[in-house]
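*Asks:* Please take these sequences and the hints and turn them into a complete structure.
Now for the letters of each chain:
Number of protein chains: 2
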Amino acid sequence: MPELRKDPVLGRWVIISVERGKRPTDFVSPSQKKKGGFCPFCPGNEYTTPPEILAFRRDGSEPNTPGWSLRVMPNKFPALQMDGMLNKKGEGIYDKMNGVGAHEVIVETPDHNLSLATMPQSAFEDTLWAYYKRLTELKKDTRIKHVLIFKNEGEAAGASLEHSHTQLIALPIVPRTVKDEIQGAKKHYELRERCLFCDIVYQELSDGRRVVCENENYIAIAPFAPRSPFETWILPKTHESAFTHRNNSFAELAELFQKVLKQLDKILDAPAYNFMLHTSPFNDEQNEYYHWHIEVMPKLTKIAGFEWGSGFYINPTPPEEAARFMREAKI
Amino acid sequence: MPELRKDPVLGRWVIISVERGKRPTDFVSPSQKKKGGFCPFCPGNEYTTPPEILAFRRDGSEPNTPGWSLRVMPNKFPALQMDGMLNKKGEGIYDKMNGVGAHEVIVETPDHNLSLATMPQSAFEDTLWAYYKRLTELKKDTRIKHVLIFKNEGEAAGASLEHSHTQLIALPIVPRTVKDEIQGAKKHYELRERCLFCDIVYQELSDGRRVVCENENYIAIAPFAPRSPFETWILPKTHESAFTHRNNSFAELAELFQKVLKQLDKILDAPAYNFMLHTSPFNDEQNEYYHWHIEVMPKLTKIAGFEWGSGFYINPTPPEEAARFMREAKI
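Read top to bottom, the protein sequences are chains G and Y.
Heads up, the first sequence is in this note's numbering, so the first residue is 1 and it goes up one at a time.
Heads up, the second sequence is in this note's numbering, so the first residue is 1 and it goes up one at a time.
Treat each hint with caution, since some may be false.
Chain copies aren't distinguished; within one or between two, either way the pair holds.
Unchecked claim - Each computed EDC-like pair below joins lysine to aspartate or glutamate, with the alpha-carbon atoms no more than 16 Å apart:
(1) Lys96 with Glu320
(2) Lys262 with Glu214
(3) Lys133 with Glu162
(4) Lys302 with Glu155
(5) Lys266 with Asp26
(6) Lys186 with Glu288
(7) Lys22 with Glu320
(8) Lys186 with Asp7
(9) Lys302 with Asp26
(10) Lys187 with Asp7
(11) Lys22 with Glu321
(12) Lys6 with Glu328
(13) Lys6 with Glu91
(14) Lys96 with Asp7
(15) Lys88 with Glu320
(16) Lys330 with Glu190
(17) Lys330 with Asp265
(18) Lys237 with Glu216
(19) Lys22 with Glu3
(20) Lys237 with Asp207
For the record, the hints were derived by calculation from the structure and aren't laboratory data.
In this text the structure is predicted, and so the values were computed from the model without any measurement.
*Replies:* Okay, structure coming up:
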C-alpha cells in the first residue's frame, strides 16, 4: 500500500509509492523511452493494460478490444490505490495515512502518431467529455476529496510512454497548491467581493498585451508572473467555480485549448509540456471566489537549486512577448 | 533591469530576467554543454569573468590572476542587479518591483576535475567559510532581506558550466519557501515552546532508521517526507537559528557534508544534484523557532504535471531504505 506522509515543516504531502519501489541501481542508468517499440496504448494491445473503466465506442465493440476512439483505465503502476481506509496515524511529530485514491490514464486517441494538438477537434472535445465523466463519477466516492487531471507530453515533461494520454489522480485530501490558490482567491473575495480570476480576465481583456487568443466564452492568457516561458492559462470568461458545473458543450473550449497547443507546437517545435486542470474541490464546488482554469507549461527551463530553495522562478521570457509570439504564430 | 512580479493568486514571485532574454528559437535546440571546451572558471581565464569580489590566495598573487584556491565573482548573466531602488509599483491588480539584488558565483576549486565530493576536506571547509563571508558582507546592504546559497551540480540539475561552483542570490524579499518554513516552525513553537527542527533531530536520533550519518555536532538524515529519492538534510544537533551565528570552525560540518556527497556519489554513480542552505532571514537571525539546515536533493525524478498542479511529490524510495543504502555505502 502506498503511504501519504506530511512534511512537518511545510505541511507538504509526499506519496511514498512502494509499488514503484526503486533501489539506487534503478536510477543509475536512466531508462530510455523506446521509440517505435511495443505500445500498450495502441489498439490490439488492450489485454496488456488493466481492464478499462470507460471507453467511447461508436461501433458497439466489446470492452478491452479494439474499436474505441478513447479509453480510460487504471494506471498499471498506480501512485495511489483504491482499496481500504485512510487509517490516519501519527508517528511522534510526523503524520501519515494510507495512500488511498485513484490513478487513471485517459488514452485520447487510438492513433499512436496523433497528439492533442494534431488530432481532429472532435476527438479533443471527446477528451474533455471524458475528463467531465471521470470527475462526476469519482465524486461519488466520499473518501475522495479532490481530483487532479494533468498531462505530461514528451519525455522532458515526465511522460514515460509516447502514445498521447492524460492522467488523473484522485486524492483523499485537497492538495496544497489548490488549497493555496483557494486561500489567495478567498482573501481577494473578502476584500473586494469579487472573484480574483474574473478580475484577472477583465484586466487582461482591457490591457490586451498578454492575451494569447479568445473566443466567445473562453480566453487564453500569458499570466502576469509566469513560472516558465510561454506558460499559458485558459479560463472561462464569466464566473464558473467548477469544471463539472458546465451546462453548455465542450466544443468552444476544445477549439481554444487546441489552438493554444497548436501555437506552442508551431513556435517551439512541438515542445514537451505539462498541463493541469484546477477546479474547486468536491466539497465546495459552487462558490463565488474560485474559478476553474487550465495551466499549460512548456518544459523549457530547469528547476534548479534556486527554485527549490526559494519558491521563486526565473523566467527569461516576459509574458507580453510570449503572448505576442503566440498571437503571431501562423497555424 | 530585471523585474520581480508577484502572482496575484499564490503570492509567488517570479524574476522576469530580461538580461537573459529568450526568443522562441532560443529554446528549440537546447544548448549542449561543451565537455572539455573553454572554461571561464579555470585559472588563466580570470579576464573572461566579471572582476572578483573575494578570493583566497595564499601566495599573495594579484586579484583576477591565477594563484587563488577559491574565487567569488558576480554572475556574468545575473538574474538580479545591484543598482537602483526597488521602486515597488502596482499595475491594476498586479504587483511588481525592480529586480534589485545580487547574483554571485563561488568557484570552490581551481581544479576543473574536482567536485565538492572529491576535493580535499580543507577546500570544502574554505568553501563554507566563503559562504559565511559573503552572507555577513551582504547583510550590510539594507535593501537585501535574504540570501539563498545553492548549488546545481550536473546538467540535469541545471548547471550550465561543468567546473564546480556554488551560486548565491541575494533578494529584496524573504522568499516564499523560507517564509513558509518559518511559519511552520513558528506554529510548532507557539504550541510546544520548542524548535521543530530540534524535535526532528531528537526523534531521528532516538529512532535511528532515517539517520544517514552524524558526528559530534551535526547530523544528516533522510527526511520523513522527502520530495525526491535520497533527499538528505544536514542540521546542527543543537539549536542554531542562523548559519552566520556559528562561533566554532567549519571543519566538522565540512567533514559530515562531504561524507554525504561521497555517499551519494558512490551509490548513485555521481548523480546530478541540488543543495540549498536555509537560514533565518537577516532581520530575525537570532530566534528560538527556526534552525538553519542544508537540503541536498539528487536529481533522479522529473517534476511533472501532478507535482506542478498539486504541490505533492511522488517518491518511489522510502527514506528508511535510502538512509540504509547511504549508511552501507563503502566510501
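*Asks:* Could you run down the list of hints and mark each one as holding or not?
*Replies:* Cross-check of the supplied hints:
no. : hint               : verdict
1   : Lys96 with Glu320  : between (43 Å within a copy, 15 Å between copies)
2   : Lys262 with Glu214 : within (14 Å within a copy, 54 Å between copies)
3   : Lys133 with Glu162 : neither (24 Å within a copy, 49 Å between copies)
4   : Lys302 with Glu155 : both (14 Å within a copy, 9 Å between copies)
5   : Lys266 with Asp26  : between (36 Å within a copy, 14 Å between copies)
6   : Lys186 with Glu288 : within (9 Å within a copy, 32 Å between copies)
7   : Lys22 with Glu320  : between (43 Å within a copy, 12 Å between copies)
8   : Lys186 with Asp7   : between (25 Å within a copy, 15 Å between copies)
9   : Lys302 with Asp26  : between (22 Å within a copy, 14 Å between copies)
10  : Lys187 with Asp7   : between (25 Å within a copy, 14 Å between copies)
11  : Lys22 with Glu321  : between (42 Å within a copy, 10 Å between copies)
12  : Lys6 with Glu328   : neither (45 Å within a copy, 27 Å between copies)
13  : Lys6 with Glu91    : within (11 Å within a copy, 37 Å between copies)
14  : Lys96 with Asp7    : within (9 Å within a copy, 31 Å between copies)
15  : Lys88 with Glu320  : neither (46 Å within a copy, 20 Å between copies)
16  : Lys330 with Glu190 : neither (43 Å within a copy, 58 Å between copies)
17  : Lys330 with Asp265 : within (11 Å within a copy, 48 Å between copies)
18  : Lys237 with Glu216 : within (8 Å within a copy, 61 Å between copies)
19  : Lys22 with Glu3    : within (15 Å within a copy, 41 Å between copies)
20  : Lys237 with Asp207 : within (15 Å within a copy, 54 Å between copies)
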